Amino acid sequence: MKLRMLLAVLLVVSVVVVMPVLGQIPADTLVIGMNHDPIIDFAPERVYELEDMFILEQVYDQLVNFTGGEDAFKEVKPGLAESWEVSEDGLTWTFHVRQGVRFHSGNEVNADAVVFSFQRALDRHQAPIWIMEQFVPTKDMIQRVDDYTVSITTKAPIGEMLFAAAFGYQGIGCVLDPAVIQEHATGDDPLAAKWVAEHDAGSGPFTIAEWVKRDRIVLTAFDDYWQGAPQLRRIIIKDLPEPTAQKLALERGDIDVAWNLLPEMIVELRSKEGIRVVESSSSFSYHYLAMNFGCEPLSHIEVRQAIRWALDYNAITDGIMAGSAVKNQSIVPVGMFSHLDLSYAQNLDKARELMAKAGYAGGFDVELITRTDQPFTDIAAQIQQDLKKINIRVKITTMVWAEVLKVFRARTHQLLLARGSLDYADPSGAATMMAHCRVLGDDAEVKQMAWRCMYCPSGLADWVEEAAAEQDPRRREVLYKAIQALVLEEGPFVMLHNTLTQVATRETVVGLEIPAMWPYTELRGVSKTQ
Amino acid sequence: MSMVTYIVRRLLWLLFVVFGVMTLVFFISRVIPADPVAAMLGGHAPADLVEEMRAKWGLDKPVIEQYLAYVWQLLHGDFGVSMASGRHVLQDLVEYFPATLELATVGALISVVGGIVLGVVSAVRRGKLADHVARVAALTGISMPVFWLALLMMLLFYFILGWLPGGGRLPYYMDPPTRITGMILIDSLIARRLDMFTIALKHFVMPALTLSFFGVAAISRVTRASMLDVLGEDYVRTARSKGLVENRVVLRHALKNAMLPVVTIAGIVYGRLLEGGVIVETIFAWPGLGRYATNAFLALDFPAVVGSTMVIALFYSLMNLVVDILYAFLDPRVRYD
Amino acid sequence: MTRRAHSTSVARDTWRAVKGNPLSLVGLGIILALALTAILAPYVAPHDPYETNPLAKLGRPTSIHPLGTDQIGRDVLSRLLYGARISIRIAVQVAVISGTVGTLIGVLCGFIGGKVDSLLMRITDIFMSFPQLILAMAFAAALGPSLQNVVLAVSMTEWTYFARLARSSALALRGQAHVDAARAMGASKTRILLCHVLPLTLSPLIVQLSLEMGGIIRTAASLGFLGLGAQPPTPEWGVMVTAGRNYLPASWWVSTFPGLAIFLTVLGFNLLGDGVRDILDPRLRRK
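Chains as they are written, first to last, in the numbering used here: chain A, 1 to 530; chain B, 1001 to 1337; chain C, 2001 to 2287.
The shape of chain A in the complex, shown without the other chains (with noise of 0.2 Å):
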């Protein structure tokens, strides 16, 4: 009798639970499945991680901007500053604050907050701060002139891009709201470094409203922003790790954008009814592998050109790849500015010979260390394969991304395979990331890639820096060109591809458009239709 009763009761329950699942997403409400994995906190001296600035993106100002579209990051456009100009000597830079911006909490921006937030930046004094620092290393270089006017004054002359580059980049070029910062200062935390890690104190197209750790991020509309109210009105940005997760929730249609779906995946939606696929037409992100000097083998010469000429870029590319990316082997990413075109394919027979050259035709053993995920992984199985016809024994190690940019950070690797972005449409980007290195210590100014690996050949980062002050585009092009040829002759890069970012959205979202630098997206211009 009971027997029956518990039957009857896991009946009905089971009625219920297989009903259809009701409900659909308001056409106001955006969402989207993110990996929450790499989101670390929203402070914007802190930030440097991609999905961490594509989430200051919707909700802070810079004073100035980049220009969208075809011609993304080629130009700048007035931001939160209205008009600027230089002096003479190009050491000065005067801007003129736009009037009549409110920040969310309705104050309204003006040259204090300019000021203070840019020397807030320089007190927190976190790891993004070389970007501002190679420029402006003194709180005193940022002045006040009246209500709506701020000098800034730069150790050497520079070119507008890169002066844009620095103060347009998302993160410490953020403009705060200084009394909602002083609202949540304290005692031990005076510029409420806590405060803003988790909120926003922006003048942008949306507010943090909610954050629930590994869960979910909720945007909502600010309706006074000054270029006008978003067509959204909340955005909520919701963790799903698993990328089939993500596809399958798409189709469902229980989001609206996927965010990180394998190329596989963008290949089989393209055909699909009601999803549309969008994409970035370039990208300044790599993939690359990086040979650390500091290690034994990896330090001859011969050895690196033979690695360069041993991997089946054919294969990395348009197999594993599959679409999403292309194929470019110099630093300098294809499409910007001096590019110089090294194309160059798999000769097994030149490697062995380099190898042999080197001292080492018998081979050696060596530690990859790359990330945990997809492609990764599998782009590491192809290089063990590849370089095991020329002797070299690969070990894989994966790490989580975190660990492996620590090991990076540290110089303690051997070989690495990696993802890196560029933070501006300008070759100089490129070339002090990967070419920039003066003194190998820890007292270097410039630790990006060449330094990680070593890569300190005297002179180069004169030259890097020759070019960047350079203002003659032709001699720019050449010394650009110049820098290439000589990183890719003796680097420690194997530089693979640009990859391009894809995403996949229903059918209904409209006015998506991604960058070069994806993280720059602005959801601002999107809607949805039904």
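Hints should not be assumed to be uniformly reliable.
[Unchecked claim] Which residues of chain C face chain A? A partial, calculated answer using Cβ under 8 Å: (1) Val2044; (2) His2047; (3) Tyr2050; (4) Glu2051; (5) Lys2057; (6) Gly2059; (7) Pro2233; (8) Ala2243; (9) Ala2250.
[Claimed, not checked] The calculated DSS-like cross-link candidates involving lysine-lysine, where the alpha carbons are at most 30 Å apart (straight line), are: (10) A:Lys406 <-> A:Lys357; (11) A:Lys272 <-> B:Lys1202; (12) A:Lys350 <-> A:Lys272; (13) A:Lys528 <-> A:Lys481; (14) B:Lys1128 <-> B:Lys1256; (15) A:Lys139 <-> A:Lys213; (16) B:Lys1128 <-> C:Lys2019; (17) B:Lys1256 <-> A:Lys213; (18) A:Lys406 <-> A:Lys327; (19) A:Lys155 <-> A:Lys528; (20) B:Lys1202 <-> A:Lys528; (21) A:Lys406 <-> B:Lys1128; (22) A:Lys213 <-> A:Lys194; (23) A:Lys350 <-> A:Lys406; (24) A:Lys406 <-> A:Lys213.
Honestly, the hints are just simulated from the structure, not real lab data. A quick note: this is a predicted structure, and the numbers were derived from the prediction, not measured. Don't be surprised by glycine CBs; every beta carbon is placed ideally from N, CA and C.
Keeping the supplied structure of chain A fixed, place chains B and C upon it in accordance with the hints.
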């Protein structure tokens, strides 16, 4: 000895065990070859760098000194700061644990109900087709790797049939109820949102069912064996000979007496569900402790590793304690010593 | 009861239990097939399990690749066959390490008794107040993910079961006639331990082992799935399921076959164990 003394004694023992677990995990992370810094910096770190990092995390001090410092911290309710997120570990645990607890509880309920039904059917129809089917089903449940099962379930019920939501605790666009307990079913009831409760319940089905496969299997096996034992006893035979209808005999007499071992295994199953949670949470995007712990393990974030393992051990031991107390209630023959 | 008689009776009981239970025979068959696969893998595998061919990736099952190819064009069947070696290797090594360590500690405890015994038993309590996978994860993370460390990590979670069992056997034996006799004849403690106590505890341990095998393989595969176990490109089944899950449902073969392999192996051990269990459980034997 009275019940109260017994419980107090057991609680003290529990504290000792959790303390032991903490000690164990602490020393694993510090003594075994891969010390956190070497693991953090990779195998070929230059010596000076390793030293610098060691000093930064206080690892240059003798292990015992580090341990005592950590214990001192703990006594002040401080679980340390996560190396990965920079947040207090306790804060993270409070944030993530309720979701896991809730999922494990629903999973345990399904396990108990499903396991007992399956076990009873199997015992009553001993040797018949139903018995064989139930036994093979139980073995299948125990043998199924949770991660594979989860993927298959998701494919079938979410993608192909569309009957069940594919992940999360609520539809992604829906705001959760005000966080009070952190458990979505309870919070939605407190907020008097029956609609939300039903929707949330639906989100529980797949992860909880996946989790409970193992539990159903384990409980049904024990129920079957225990029922068979009891069905052979004299009083059941007497009841039967008095002409009581079979169903009644089974339920009123046998099942009640067969419950003792089932309670034991149910407690173990409840604890084991936390283990399955580690995997299920990743696949079903469940914001729980399992995923937090997995990421902590992967990133060698030792303060977070020690913190989350302590919580899990505490829960596990508490379950054992509850089982023992229940046992004492159910079986008057048990003495508290 | 002499030593020989005891061992053979257990062996006979085991065989009888297995023989009388068709499901156990199926289990035995699966395990023998697995062992055979592991031994013959290099001879029967159609391809090199590590050989990549990204331009022919995610190929459907064909006559050349009977179970298809994976996301970088490796032959799934060959990887599956080589994976059997890895699973067997893990299971055997864990069994040997945890069985030996656990038995030695258990016998020592049971035989010596006193403070050493209670201390070691408290330690096993601590180990057992932990879900097994979580403990294995902690060990695997601390040791660093690799195949060898999977073996160590799982062993560290397993030894306690053997220690408990060996201890109770040793306790039971302590007072028995032949041990007393040996002592009376002036045999040293070590000698008594090694020649009289230890051998007699082995039979139940072997039975216990058959029960634990399924769990060992499941735990190892779970570690692989979580990225804390064997590292890619090792053809470990758990790792293969992890990589292949991204290609569900379109390329179902990449993760389905290794998943099925894990399931069948664990099922095989469990079916066998189910029959063997009856020997341990006198209540069931009575029937």
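Hints, one by one, checked against the model:
| no. | hint | in the structure |
| --- | --- | --- |
| 1 | Val2044 | violated, 22 Å |
| 2 | His2047 | violated, 13 Å |
| 3 | Tyr2050 | holds, 7 Å |
| 4 | Glu2051 | holds, 7 Å |
| 5 | Lys2057 | holds, 6 Å |
| 6 | Gly2059 | violated, 12 Å |
| 7 | Pro2233 | holds, 4 Å |
| 8 | Ala2243 | holds, 7 Å |
| 9 | Ala2250 | holds, 6 Å |
| 10 | A:Lys406 <-> A:Lys357 | violated, 34 Å |
| 11 | A:Lys272 <-> B:Lys1202 | holds, 28 Å |
| 12 | A:Lys350 <-> A:Lys272 | violated, 45 Å |
| 13 | A:Lys528 <-> A:Lys481 | violated, 45 Å |
| 14 | B:Lys1128 <-> B:Lys1256 | holds, 23 Å |
| 15 | A:Lys139 <-> A:Lys213 | violated, 34 Å |
| 16 | B:Lys1128 <-> C:Lys2019 | holds, 20 Å |
| 17 | B:Lys1256 <-> A:Lys213 | violated, 45 Å |
| 18 | A:Lys406 <-> A:Lys327 | holds, 28 Å |
| 19 | A:Lys155 <-> A:Lys528 | violated, 47 Å |
| 20 | B:Lys1202 <-> A:Lys528 | holds, 27 Å |
| 21 | A:Lys406 <-> B:Lys1128 | violated, 62 Å |
| 22 | A:Lys213 <-> A:Lys194 | holds, 15 Å |
| 23 | A:Lys350 <-> A:Lys406 | violated, 34 Å |
| 24 | A:Lys406 <-> A:Lys213 | holds, 23 Å |
Going through the hint list in order, the structure does not satisfy hints 1, 2, 6, 10, 12, 13, 15, 17, 19, 21, 23.
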